[in-house]
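Participant: Protein chains in written order, with this note's numbering: chain A, 867 to 1270; chain B, 867 to 1270.
Be a bit skeptical, because a hint or two may be false.
All copies of an identical chain are treated as equivalent in the list; a pair is satisfied when it fits inside any one copy or across any two copies.
[Said to hold, decoys possible] Taking lysine-lysine pairs in the DSS-like style, the calculated list, with each CA pair at most 25 Å apart, reads: (1) K874 with K1192; (2) K1049 with K1146; (3) K1108 with K1128; (4) K1025 with K1164; (5) K1025 with K1267.
These are computed hints drawn from the structure, not numbers from a lab.
There are 2 protein chains.
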Amino acid sequence: MQIEKILKDIVKKNDKKILLLVMDGLGGLPDPATGLTELETAKKPNLDEIARSGMCGLSVPVLPGITPGSGPAHLSLFGYDPIEHQIGRGVLEVLGIGMEMDKTDIAIRGNFATIDENRIVTDRRAGRIPTEENRKLVQILQEKIQSIRDVQIIIRTVKEHRLAILLKGRNLSPDVSENDPQKEGFPLKKVVSLKKDADFTADVLNEFLTTAERVLAGQNTKARAILLRGFSGIPAIEPFEKRYLLKPVCIASYPMYKGLAKLVGMNVIGGLETIDDEIKTLNEVYGDYDFFYLHYKKTDSAGEDGDFKRKVAAIEEFDGKISRIKHLKFDVMCLTGDHSTPSILRSHSWHPVPTAIISQNIIPDDVSSFTERACAKGMLGIINAKDIMYILLANSLKLEKFGA
Amino acid sequence: MQIEKILKDIVKKNDKKILLLVMDGLGGLPDPATGLTELETAKKPNLDEIARSGMCGLSVPVLPGITPGSGPAHLSLFGYDPIEHQIGRGVLEVLGIGMEMDKTDIAIRGNFATIDENRIVTDRRAGRIPTEENRKLVQILQEKIQSIRDVQIIIRTVKEHRLAILLKGRNLSPDVSENDPQKEGFPLKKVVSLKKDADFTADVLNEFLTTAERVLAGQNTKARAILLRGFSGIPAIEPFEKRYLLKPVCIASYPMYKGLAKLVGMNVIGGLETIDDEIKTLNEVYGDYDFFYLHYKKTDSAGEDGDFKRKVAAIEEFDGKISRIKHLKFDVMCLTGDHSTPSILRSHSWHPVPTAIISQNIIPDDVSSFTERACAKGMLGIINAKDIMYILLANSLKLEKFGA
């Protein structure tokens, strides 16, 4: 990002407080029956009031037309270029189930798979075994395999046939090939090193896979082997505090978002389950930080499930919580989403996301409704999500003049 | 900038004339009492008429959230990337007081400072001595120090404790360290070379500093030493005429803007004091050029002083001059600012700047008022200042088709 060439010279600390409210999967698409989006359908007087008193726009999560996963979408919101900083699939899997990860660890996504006596893969998902069966198998595997050549192997259930595996040790490398033949009817592959210094990691993984097959052979299950992919280490990301001179805190209940926040060096509050927990915490720690990232999950979950009504209800639920945030008097507040999750698409999408910024230093526009169509007419315009952070810093007077 | 990869192939000369009207620090923020910005408060029928007949938008000076100094803000308006072409602080100081600078010169910002008998800096600003005292000391220093090792030393008063110093000679380099310890209570440092070829420059500067201390020791003043910083040479910028095939002229009264125009190779008209001088000159030289940059300073000065009313008055004054510009029938006219200077912030700011373009080849939008909020709804949208130049060239039919 161009701004990285000058940020160090202009960023400064002060006592202003910034709140970033992220309603996951916020943006939607019209219900064909009514022609109205989820946001246009919801009764949300408090969100509308934020739009009315703020400056509104639409935020493009990554690039026009690009549908982001949670990782890139959040990196953008945190002011990092999500294309320059790609987070490995293994890392996201591991973060998503709440595992902690060190800089030298390698994270891997795994599948239980079915193979025949010739080690031909006959089902890459082992018949989607129940999560309970997965748990049982993982427990047995973990008992038998704790470390290989001084590399600690941590195996965890994700769900159904899916696993997360973490390697902890020295001289590990993510530059190894998958053992997955990608198609059924082909034999399991060996893991091979893709770069010189990855021979050791490949050896460890091949030994792990052979042992796992032997252990699984003794069990009554369709899971007869493990497929590995998404080998990745923690990306080198400049920590938030160093980059922005902010003391940041993440207030979220889902492991993935806590993990992403940790990746950029945020302090993460643990043990939160509900949005009420989150807002209570926000009130409690208000004095301790100057950047607050608060994450609301339900809008995305409902969208992913294709449940338009539930997404509307989730928006209304969050709307009802605003009064318990507003009295805190943040100097700068941004209400946005990480991406859109239209219920009719049942998935993340590329659509720009409604965004409102409140601060003493904005010109309030005439947008009076927090919806896709209304925000599109706001003064903030259609912006890149990765620029939002800098607009928030500017509004909190934390950026000095560039050049003379 | 991406356009630089194709500009040479498509730019062509014709007889169309472009006028760039820059109202310095144009954009503002609402007066809390009225909710209206300076532009929204001013009576400015002529500027509004430009908005009405033109295509309007907001211009982001450098990047979202970035508050630019005059240097980067103007480079953007002139179509250069202000982050790729950073202008040294010394160069801006020297240009700001109207000194001329050659390609091989090194410009330096200086402070008079107070030191004790152990050469510990006790006041980095020498008690902010009066400008008159500064002038007297500079005169004495300049008499005693005219050149060192064939390098001509030109010393000039800026104001209070501030100096500008220009080195003219061969084999000079800006890659030397400051002698400023940055904090009071620490001894003066030696200037040291930061790159191999800068040894000579460091030697010249150390000799200059020693001599200056000796000269100042004989004076009754708190100024007992000089601190140097911002060493810089003229950045390598492709001249306007070569880049755009335009014959450009700068019509401005303040040294800084004349200096910036000279940096990009504009012809600069001297001896102008007022906006009336400027407009008279514009009329006089209309036949001699095809690109006219006219700079109006008062909007920025009033904003910097936090004087909302005076900024409104400055806008109204400029509005009153438009009739003496309009009859000239420029083919393309752009009315904009280099950055915002909201009176309530008393400083430059990051806010996008109202911009209107008039040309035969635009689609007039329905913006009828030249204000921040109205322009935000214009067809030009929210654009980067550094793209404006290419839109002006296009509207004057000076850019041929790219590709077949």
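Participant: Next step is simple, just say for each hint if it's right about the structure.
Facilitator: Consistency of the hints with the structure:
1. K874 with K1192: Answer is neither: 32 Å inside a copy and 44 Å across each miss the 25 Å cutoff.
2. K1049 with K1146: Answer is neither: 49 Å inside a copy and 44 Å across each miss the 25 Å cutoff.
3. K1108 with K1128: within (14 Å within a copy, 38 Å between copies)
4. K1025 with K1164: within (20 Å within a copy, 60 Å between copies)
5. K1025 with K1267: between (51 Å within a copy, 21 Å between copies)
Checked against the numbered hints above, the structure breaks hints 1, 2 and satisfies the rest.
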